[in-house]
Structure formats: structure tokens, C-alpha cells
Amino acid sequence: MEAVTTNESSPFRWRENNLAERRRMRNDRKKRKRLQRTKCKEDEALNAVSVRIQKEAIQKDRFLALARKYYLKWRQVNEAHKKLQSKANNLSMSSRFGTNPRDIRREADVMARCSHPSIPHIFGVNLTQKPYFLVSYFYGINNCTKSCTLYHALRSPTITLTKYCAGKIMLELCQALQHLHLKQLLHRDIKSGQYSADNSAYWIPSHAH
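Here the sequence shown is numbered in the numbering used here, starting from 29 and rising by one per residue.
These are computed hints drawn from the structure, not numbers from a lab. Given the structure is predicted, the values throughout are model-derived calculations rather than measurements. Ideal Cβ positions, reconstructed from N, Cα and C, are used throughout, including at glycine. Keep in mind that a hint or two might mislead.
What the hints assert, rightly or not - Using C-beta positions, here's what the derived DEER-type ranges look like:
1) Leu199 / Arg141: 19 to 27 Å
2) Asn45 / Ala85: 13 to 21 Å
3) Ile218 / Gln82: 28 to 36 Å
Stated by the list, open to error - Each computed DSSO-like pair below joins lysine-lysine, with the alpha-carbon atoms no more than 27 Å apart:
4) Lys111 / Lys158
5) Lys219 / Lys110
6) Lys58 / Lys69
7) Lys115 / Lys219
8) Lys88 / Lys115
9) Lys83 / Lys69
10) Lys111 / Lys191
11) Lys101 / Lys111
12) Lys219 / Lys196
13) Lys69 / Lys59
14) Lys97 / Lys110
15) Lys83 / Lys67
16) Lys211 / Lys196
17) Lys158 / Lys191
18) Lys88 / Lys101
19) Lys111 / Lys97
20) Lys111 / Lys88
21) Lys83 / Lys97
Take the sequences, apply the hints, and build the full model.
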């Protein structure tokens, strides 16, 4: 049904939409709304991703700052440790006793005050020329030309350490330390590399101060 306008001079003619047209227009409106909702959801998702990326970037920057900070501290500590380690490795017997002959003579006097089977007996001291040194017994195992310490014996494949030998080591060590303490002496460097071994399994602490 067509509805003609009352204005006869108007070129347009108005009419009601038929059922197919109304259905098509309704579908178009639904499609537009659906597209708008989809676009809104996509915008919200993009905004959420952008916010998450910004937060992750901020957190990453914080972690990087902390990593740089602690890496610099670790590097400083590592360099200081390497310097101390190099100094310790380069420390010779003469530098440990000192370049002053009085230090070496005092060391010899301390060793001469001790009289115990598990403490090295000193025979003399050389102060005439460098390197300065103390003369004492030589301790070796199985006619070895090099001295053997507890540190090397524990890691040697040819030397076995039994429970009896370990107990004997501890007993001799305690007796030697007790002797030093009775002499008002203190051993300042107790470690496995400071104990020499002989064939009788006596482990001799050296360099008491």
C-alpha cells in the first residue's frame, strides 16, 4: 500500500516497507550492532594486552636494574677474591715468615720451645742469605723424595687411610695442640696441607705460632 504525501509539489512518494524490506533492515541493524560489539571487544582486548605489555616492560626494567646492580657487586667481589687468591698463591715461605730476620728467628725460637713427637724438631735456621729457611726433619712416605701432607695423602690413589690411622691422626693432633697450648702457643693455620706424614702414620703439624 502506498501513501501519497499531501504536498503535491514534492517529487517524493512515501510508502510503507514491505515484510522483506523490514526483515532486511532488521538484519542490517543486528549486523551493525554485532560488528560494534565485536569491535569493542577487540579494542578492550588490545587495551588489556597493551597494559600487560607496559607492566611487563616496567617489571623487566626493574629486574634488569637489579641484575646490573648485583652483577656489579658480584664482579667487584670476584675481582677482590681473585686478587686475594693470586696473592695467596704467590705467597712463598720467605714472605710468610717475613723478610725481617727477627721474624724468622722468633719463629725458630717458638719451634725450639716445643718438644713433642708430633711437632717437627728444629735443628737450625739460615739467616745468612735469601731465601731464609728453617732446618727440620724430612717426612715422607714409601721412600718418596717429596714431602707428603695429609691433603695429598687423602687424594692419593696409592695411599690408603684406615679408620685406625684416622683415629691415630686425631689423637696425635689433639696431643700436639695440647702441648702448644700448654706452652701458651696458638696454631693459626690448622688445615690438612699443614700436616706431614711418614711411614709410621704420624701426622706432624707444622708452623705453630
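Results for each hint:
The hint said 19 to 27 Å for the Cβ distance between Leu199 and Arg141, and at roughly 22 Å that hint holds. The given range of 13 to 21 Å is broken by Asn45 and Ala85, whose C-beta atoms sit roughly 54 Å from each other. For Ile218 and Gln82, the Cβ-Cβ distance of about 59 Å falls outside the hinted range of 28 to 36 Å, so the restraint is violated. Between Lys111 and Lys158, the direct Cα distance comes to roughly 26 Å. Compliance with the 27 Å bound is thereby established for this hinted pair.
A C-alpha spacing of about 21 Å is found between Lys219 and Lys110, which places the hinted pair at or below 27 Å, so the restraint holds. The straight-line distance between the Cα atoms of Lys58 and Lys69 is roughly 16 Å, inside the 27 Å bound, and the hint therefore holds. Restraint check for Lys115 and Lys219: satisfied, since their Cα atoms lie roughly 19 Å apart, inside the 27 Å limit. For the suggested pair Lys88 and Lys115, the alpha carbons sit about 40 Å apart, so the restraint of at most 27 Å is broken.
Note on Lys83 and Lys69: the hinted pairing holds, with a Cα-Cα distance of about 21 Å set against a maximum of 27 Å. For a cut-off of 27 Å, the pair hint linking Lys111 to Lys191 is broken: about 39 Å separates their Cα positions. In summary, the hint linking Lys101 to Lys111 is supported, as the alpha carbons are separated by about 15 Å, within the 27 Å threshold. In summary, the hint linking Lys219 to Lys196 is supported, as the alpha carbons are separated by about 17 Å, within the 27 Å threshold.
With a C-alpha separation of about 15 Å, the suggested pairing of Lys69 with Lys59 holds against the 27 Å cut-off. Between the alpha carbons of Lys97 and Lys110 the distance comes to roughly 20 Å, so the proposed pair stays at or under 27 Å and holds. A distance of roughly 24 Å separates the Cα atoms of Lys83 and Lys67; the hinted pair therefore holds under the 27 Å criterion. Using a Cα cut-off of 27 Å, the hinted pair Lys211 and Lys196 holds, with the two alpha carbons roughly 23 Å apart.
For the hint linking Lys158 to Lys191, the alpha-carbon distance of about 43 Å lies beyond 27 Å, and the restraint is violated. With a C-alpha separation of about 20 Å, the suggested pair Lys88 and Lys101 falls inside the 27 Å cut-off, and the hint holds. Annotation: proposed proximity of Lys111 to Lys97 holds, straight-line Cα distance about 21 Å (limit 27 Å). Only pairs whose Cα atoms come within 27 Å are accepted, and Lys111 paired with Lys88 is rejected, the gap being roughly 34 Å.
Among the hinted pairs, Lys83 with Lys97 is consistent with the structure: their alpha-carbon atoms are about 21 Å apart, no more than 27 Å.
Of the numbered hints given earlier, the model fails hints 2, 3, 8, 10, 17, 20; all others are met.
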